[in-house]
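Top to bottom, those sequences are chains A and B. Our numbering applies: residue 1 is where the first sequence begins, and numbers increase by one. Our numbering applies: residue 1 is where the second sequence begins, and numbers increase by one.
Because the hints were derived from the structure by calculation, they are not lab data. Treat each hint with caution, since some may be false.
What the hints assert, rightly or not - Reference listing, derived: stretches of chain B covered by chain A, where coverage requires no fewer than 3 residues with Cβ under 8 Å from a Cβ of chain A:
hint	segment
1	71-83
2	118-126
3	142-156
These numbers come from a predicted model, not from an experiment. We put the beta carbon where it would ideally sit given N, CA and C, even for glycine.
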Amino acid sequence: MNEDKTGSMKTGQTYWQSLNELANTPAVRAAIETEFPTYDPGAMVNTSRRKFLQFAGASMALAGVTLTGCRRWPKENVVEQTSRPQGRIPGVPEQYATAFEIGGYAQPLLVSTYDGRPIKVEGNPMHPLSATFGGKLGAATVFAQASILEMYDPERSRTIVYRKAVDRGEARSPEAFFSAFQAKPGSKIAILTESTSSPTTRDQLKRFAAKFAGTKVYEYEAVSGDNQYAADKQTFGQPVRQVFDLSKAQIVVSFDADLLGLHPYALRHANDWSKKRKTADTDKTMNRMYVVESHLTTTGTVADERFPATVRIIEQMVLQLAHKAGLESAQGGLDERQVAFIDKMWKDLEANAGKVIVAGGPNLRPDVLGIINAINGKLRAIGATINLRPEPDRGTHIEQIRALVDSMNAGGVDTLIILGGNPVYDAPADLNFGGALASVSGKGTTIHPSLYDNETSHACQWHVNRAHYLESWGDSESFDGSVCLQQPMIRPLFNGYTPASFLAAMAGETVETVTGLKADEVKEVALDQAVLYRVWSGITGEKFVATSPAFRKALHDGFIPAAKHPVDEITRQDWNNAIKKPTVSFSQATGEYEVRFAADYSMYDGRFANNGWLQELPDAVTKISWDNAALISHVDAEKFGIYQDDYSTDMIELDLGGQKIQIAAYVMPGQPKGVITLPLGFGRSRAGAILLTENPGSIGYQVGFNTYAVRSTNNLWVANVAKPVKTGKRYQIATTQTHHIIEPVGYEIREDRVGKQSQGGKIVHESTLAAYLQNATAPHKKAHNLIPLQLFPEPYKPGAKREGGPDAFNSPHAWGMAMDMNACIGCNACVVACQAENNIPIVGKDMVMMNREMHWLRIDRYFKASGEDYHAKINDDNPQVTYQPMTCVHCENAPCEQVCPVAATVHDSEGLNTMVYNRCIGTRYCANNCPYKIRKFNYLDYQSKHPREHYFPWLGIPDTQQKESVDKIRALAFNPDVTVRMRGVMEKCTYCVQRIKHASIDRRNEWVNGQRSKPEVDDFDVVTACQETCPTEAIVFGDLNDPNSAVTKLHQGARAYQVLQELNNRPRTHHLAKIRNPAEEPVAIEKEEVH
Amino acid sequence: MAEKYTSKYVFPKTANLVLPLLVLLVIGGATYMPTVVGLGASPENIDVGYQPTQPVPYSHALHVGQLGLDCKYCHTTVDKAAFAAIPPTQTCMNCHTNVRKTVKDAGNNEVRNPKLAPVFESWETGKSIAWVKVHDLPDYSYFNHSAHVNKGVSCIECHGRVDHMGEDGVYQAKNLSMAWCLECHRSPEKALRPKDKVTDLAWTAEDLIKSEPGTESFDILKELQDKHQLKPDDQVTQQMLGEHLKKKYGIRDTQFMTSCSTCHR
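Next comes chain B alone, as it looks inside the complex (with noise of 0.2 Å):
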């Protein structure tokens, strides 16, 4: 009887496993939830390779890494004002009236463009090409080009190597969060290059010693060389040239450069 009462009333061993499941998955679910959350809404993991389809196949590959056009040819106004311009369809035109404006066809017929169709109706219209944004800050964060630009802070610092981006049009190299445009408005030294090479998104401070006289660059060669004493061949390091370049620049300090007021209004 009194077997039967207990087989009955009493929990099964097996129940001594529950509570152990329970705490295990309370502590699983409290991480793994955020984990999953935080992860998932990372920018890191929304934002970095971001890659609309473009309006017009452009190649910044072709146009920027072997035609070796300047990035300020079409974006003229990145060191004038907050906004660094899609250039207009006129600039387009200025070479594409002439250049690839024809193709050849399976019949070796010549045909117009059709990767350059949408600039041509837009030519021919004066209606405007729809670009797509890729780098595509917040509403409420308010970044100015020309205040990074004039400064000495490369294109590539934001937007990598562009001039590596094909057909496939730009991508979002950068996760752009606030936390990783912190780490360069804590430590800006680690950005800052000569003014004339902004847009050279292949140079790094290495190649500093190879500067052509009567440049930008070569004056603040000297100018390092003399202040640290280096021989003509010393190698010039990033933080030498960013330390010096902040004073020249006139970079603020951090406490400005943290301000919520330098990038939010």
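Next comes chain A alone, as it looks inside the complex (with noise of 0.2 Å):
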């Protein structure tokens, strides 16, 4: 990082969000005191006469079209249905339960329908991995949150597809394709499938290899619990599943697992985890969570204890544990911090035995994996804080894929089903998977049927488009074991098949046969209907299943819970001590410098490329948007002149054993020394089905770097590098971390104003558990000293409603929110959910690297490194984490409003901060004096135009969008009850006001009509999509004139501060204080720092 030029920080600030921010660069310092840093208007001013004429110009025909819009708008049909199920209201939205499945696990879902639209995803409430708040509300991951815009997009696979060498292709019918296979019924079939759990596609599976002998089914998932399955394999003697259940963990010990992240039971995990931690206020305890990592994860990121080290050390150190707990002999080749943090760790897992979780993650080698299970066997975790449950006896992924290689190299597959997935994307490098299918597609018959037309269809004969899990029936299991069920919630878009019922029409079947039944019987039933009725009559033992109590259940509450069946008879004690421990070696490494392979928090594997959604999403970590990026410690960095601001950086060289990657170095604080991460799924050369050459592409086209392309068989998840090289060439690369940065507002000026006393408010609020059971003040310092500078008269007059609650705009409600620092986990949920609720456009890479995501809700990542100069800071790997959802709070005494010419933001009676879009003529004004920097101003018309597309009027390009309309298939995603923006336009949070509104007319109506006691809403009657999706519950929205309401109850709480207190604008917002764990106390209290 370069150096401070200013000369004005040389210890560097306490918490900063970049390592620009640290440096306190000019550009950083310019970002933080203009709201709009990249809007140049002198660029404006300097144009040419004759420029300048075209403009006027332009506005001249703009504004005649203006006035002659003075007439009616386009004319509207009301189209009711014919005849209206029992029941139905139109313009209700209605709420089904269904499930979504990604790497073989369902995650239950509730899914808001609008007249026949899905457009909204929820967590299933009643489902034990997504319950939140007692059962009140459901969590729902960032990709569960984003499935709706892949439903949704234009660009999904419309027809089937034939092939004759990799070319655009020629539709084809469905008849002209089943045809076609079933003339030639291949005697050497193979079948790879991605990963599943669905009962119904076994089933499929079953009866296709049944009908046609000699099918063989391979399994392959690019980012697998591989080594996990093999290590349990070992250590039980059989497959299992171990079901982790914080809630009953004191200490959690994480050696490079990411529990809290893409874990396949993380919203669980994240729930009991946040549970354990806001006893803080309650039982005066919290729990402890361990993290030994090689990279910095969201889990990671929130533990109390974190150690950065290199995937060997980590096993090194899982060794030196166990030998802690007397199961290996002593180790060496660990240092003297690394033993430190093995013993403390130890001291805290052997005085809650039977009170915690050791958990390895899945790049850890499987001896070491076993290693792990045999700790928690000696800390009696198995059967306590463990629960086993049996798993699939399926051989590892990477087996699989290579005897499927192996197999189509020797000729032995004439036919290859690629039942989903994209090997030819993500298998391993050193396969070559795609010239294995090259040669099987010249000589015998490839079909890849896929939501999208990727690089594996276009390396296979036949493509068939599949229908996405919302438009299609299915099951599959969730992880704690119990069986979801997927219904459709709208008729297909472009058709297509499911997994299931591709494999039942492949093997001839068809409604009639299927079901039994005549086909003017069947008329309304689908295929996919059909065999997962098949499957489930056997689940539910019922012969009629489609009207069976049983199933009309599990349709409702979207699953049937597991079955209570524990993996074995053997007593949990035996358990503990039947592990068989494997014996570990360590071989000489061959490179300096280890790279290791991550799954990414916004693309997963690769497979969600093509959604905006989720590539325009900071990623929870490192805040990089459109890209991936190798992520290096900034000691490495510094070490080979990689340089690195805010809006481009170096380009490395990485050699992994003869396959080099060029790809983008960004220096990532808390990335251990000596590791290069890769994170995958990003690079995708062919992930929508527009032409891929063409401006704008398809959204995921070419974005970032295909880490696939350097990950073989012999090392999926760490290899070892000599050391990167600098290509010398740069790389700009959008990242939000410096964007919107808060600043405790002119320090100086008011010091002058009102004297010294008045101590300057930190946004970051924290504190030990042990300070703050001493003293609950603890983490507001000296904040309670503040004198509130107050900058213009007050817009109320305050008449208190009642004690101790706000005294004005609460008629008849006070809505407020509370932000839990302490619990939240920086997943982005609640991101992803606020932009499908509130209909939020996607901007475009070009558009984040100036400044204009227009995300209303985002999570600020502070880091606070220990040492004492800037120097020490810049270069620790272990720098403490907080984050901070920062929305906008909803001043009552906004500054926002004063300055507006127009009114167009003005307070409504029950204190929400209104944004009124018709009357906003757009001078920003608003955001400029905005201290929480949450205003978002909609400089294009983002939501017709492509966000692939290079848009700078200004250079001349021709202004196309005044022309061009919202893509049909996009508007139907759209959120009815909210509207859509259009440029020139301010917007930010509203509180979700559409909610508000539903809730209180209805229990308002409910109240007149007799059929309640009082007007008023109840506690979570109105929930915000924030709220409803966070995992932690660290979001809580509710009612500040309800004495008893959460909201209430937590702003009264002792961690209740409000962010920039100090400007007296009474955010209805208030945050709650991080406390940490951990395992020793610091010797001195922390001095008072002013950030």
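Put the two chains together into one complex; each comes in its own frame, and the hints tell you how they fit.
Below is the structure:
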């Protein structure tokens, strides 16, 4: 990182969001001081006279268009169903339970449909995986939240495509396809499926194999728990699934396991973990999480004790822990700090035996994971905090794909069906799956049913369009063993097959043959439904499953609970002793640097590449948008002369055993020295269906770098390289970490006016548990000495509604929110939920680089490094992280309202700082005056703009946007309850006003009609989109007039504070201070520091 | 010579008129243009009387005015949802399976009723009838029928005497501008009536004393008579009724009713 050129901040700041902010570079200062850092009025002023006249002419023409617009708007039709189903009310959203399968595990969901269009996904509040707030709400992951956009993706595949060679192919009808296949049933059929736990798909695979003898089924997932599977099979003697119960765990230890991040059971983990944090206020105790990891994960960011290390060191540390547990002999090769960390960890584990969990990541070797199982056994965790469930005996994915490729190369396959997945893109590079596939495609038949016409489809003869999960019937098993049902929310937009219905059709089955009924009796039944009914008639034991109460209940609830059967009848104590401990040996390291592959928080394994919401979503940890990059520590970056500012960075080349990759380097605080992390899932060459080489191309086309290109069978997760080499090229990278930096404003000026005793309020309030228990105001330090600085007269006459309640804007409710920084894990689910709920557009990488991302809710990630001076801080590879969700805090005394010349932002009577889009004339004064920097401006018509399209009107590129309207299919995804904003309008968080209005109108109607005792809403009647999806219950919304509401209680708690309280903005959103629970208390209490 | 000069180089007397004329023109233009544009763009002139041709010549005058169907017989969701749903074809067919199914043509032969042809066609094919929206608010205003109907705001307040609108179709009776909305939101008492009279388009506050016992309006009449100590045949004014219902139905205060977020999101 470049040196501090101003020389003003030799020690560096306490809290910072990017290394450049820590370095206090002029660019960052400028970004803090201007609300619109990349907006340069000079560029506009300096336009030539000719250009100016062009602009003026265009404006006049536009004005003309507006004048002629003084007429009735277009005719609209009301198209009602010919007969309305009972109970249906047009315009009122309905909710249905369904499920979404990723990596072979179901995520139970509840989907809202609006007049037959699914528009919003929530977690299923009834399911144990997703239930939050005691079953009142359901959490969902970013992937589930964003899957709505995937369904309405116009680039999704729409037909069956036949390709003779690798080209664009020709569309074919299903009849043509199935007749072509059935004419020559291959004797050597192989099926490669993505990991699936669907009982129906598995049943169809069996039926298919029975019909076509000699069919072999292989399974492959690029991001797979292979090592854990192998370790469990070895240590327990059979394949098992370890289901963690963090609600019972006082001590959680993670060795590179991202328990709260990409684990299939992460939602439950996160919820249980957060509950054990919230006990700080009630029971004066908290759980403690130790994380030893090879790159910064969401789990690591919220750890109480974190230790960054290379994977090799992590494995040795596991052995050291085993040694402490008496399972191994003493280990060499660790330094004092590492040994001390393990000592500290063991002390806690031993003291809490039976209430602990030790988890290992997918990148650790099976032997090491086996040792971790043995440690858990020693600590009596199995049966107590770790429940074992049966797992199918499948063999590892890597063995399976290798066997398939060998067979393909040996001519053992003449028909290959690749059932989903994208192996050409994500199979290990050394297997050369593409080459093997090409040879089969040349001689035999290859078929790829998939959602997108992707890399693998292009290498197959046939591509078959697949129906989206929101459009079709299906089922799958969730991590806890319950079987979830998936039901269609809408008729398939582009037709298509599910894996199960595709296999059934391939085997020549029809709805009539599956159900045994006549054609006119099954007119309304689809094939995917028929095959599902067949399997579920077995599961429920009912002949007519569609009408059976058991099935109706499962369909309503979305799942049938896991049968309570443990793996074995052996008692728990025996399990803890019966573990077969493997032996581990370390080979000599070959390279100086370790390369660590990691699934991406936004792309997962690459399957979500064409999803604009996920592409634009700033990564949970790195805050990179529209890209991936090789993450490298500051020490290493400095060593290789890698220089990164907030807009561009150096390209490096990595040599992984002959396979080379050029990738942008990204200096990441918290990255251990000696480890370079390569996120998977980017650099897709065929992500969508639109012509790829054309501007704009498809959303996911070549975004970032394809790191699968250097991933091989023997280094699936970890590889050694000599060292990274700078290529000399620069790369533009969009990162939001220095966007919208809040700074307590104008210290010096304030001190001039109100004197020294006005301590600057800090933005981040935090404390250790011990200090907090000793003194409840510890997180706030001197903030309670604040003298509020009143810049303008308060816009209201105080009139208290109740003692302690808000004294203005409180009729009849007073809406408020609490955001708990102690629970937030930065997972971003709320950001995508907000985007889906509030019709927030995607802007594209070039716009993100200009500070113009539109997310109403952002998660500010603050680092705090140890060390006295700047150099120590910047080189610290283990900074503490605090997440602060930040959105409009709805100030009662709002600075934005004071400066709006047209009163487009004003308060309503319940405390909402409302934004009136139709009054807004786009002066952007409000954004300029917002100290929280949460207002977002529509510079362009982002909804109709393609995010990959480059657009700079002042460079003479014609304005095509006035002509284009929003894509018809994309427009279906809009929430009709929220206005779609146009160009030139300011927007920001509304506290989900549409949800407030619906709930309060409905409750008041019930009251008027005597169905309710009071007209006001109850707690949890109004839930914001971010609160609803938050797995850790970190966001709570409600009525501050109600003394018993959850939000009132949180506001009154000791941890609550107002960000930038010194400005007397009186925000309605209070943040709750973070409490850390480190193993040992710091010797001295922290100094008073001002951020 | 001098005269010649003057005549050539001195402005004629008529030139004195140029300035006043110019001033008049400017002032005239400055008033004329905004007036024309203002009046031309006014919802009063653009929207009132808007009467699109509907696919079926359905007469509210016949069904509601003469036959006495209640509004809610067809617009069932009006008290449950934001949107007062257009009835499905099935609702039409409840009666028209038998009623007026056929008419006599010129030759006195029974033929299918041509006015109902789109309804029959929709019922047979399962395809919806594409009714044309008459009262079409801009997409940024979120009107909620249930919030009004459940608080005693009658259909007539926005839709006029729909029971007098015939086969030419429903027309827009009020201008539906924001200023017009605010008239009621500022003083709702002018538009409130007992909930059981919401769909009775001919009803006025003067009819309250005629209320039948056992109805909600009768209870309200009694409450008002007690409150204002009226004699049994004393008239109840809309003002008295409105003020009473404002409390009874929990109508919110002006500050809430005129908050932006009440209608815009």
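Coverage criterion applied to the segment 118-126 of chain B (partner chain A; beta-carbon cut 8 Å; 3 residues): Our answer is that it holds, as 3 residues pass the Cβ test (under 8 Å) against chain A, meeting three.
Given coverage of the segment 71-83 of chain B by chain A, checked by CB-CB distance under 8 Å (3 or more): The restraint on the segment 71-83 of chain B holds, since 6 of its residues have a Cβ under 8 Å from chain A and three suffice.
Annotated coverage of the segment 142-156 of chain B by chain A, confirmed only when three residues or more have a Cβ within 8 Å: This one holds; 6 residues, not fewer than the three required, reach chain A with a Cβ under 8 Å.
Of the numbered hints stated above, none is contradicted by the structure.
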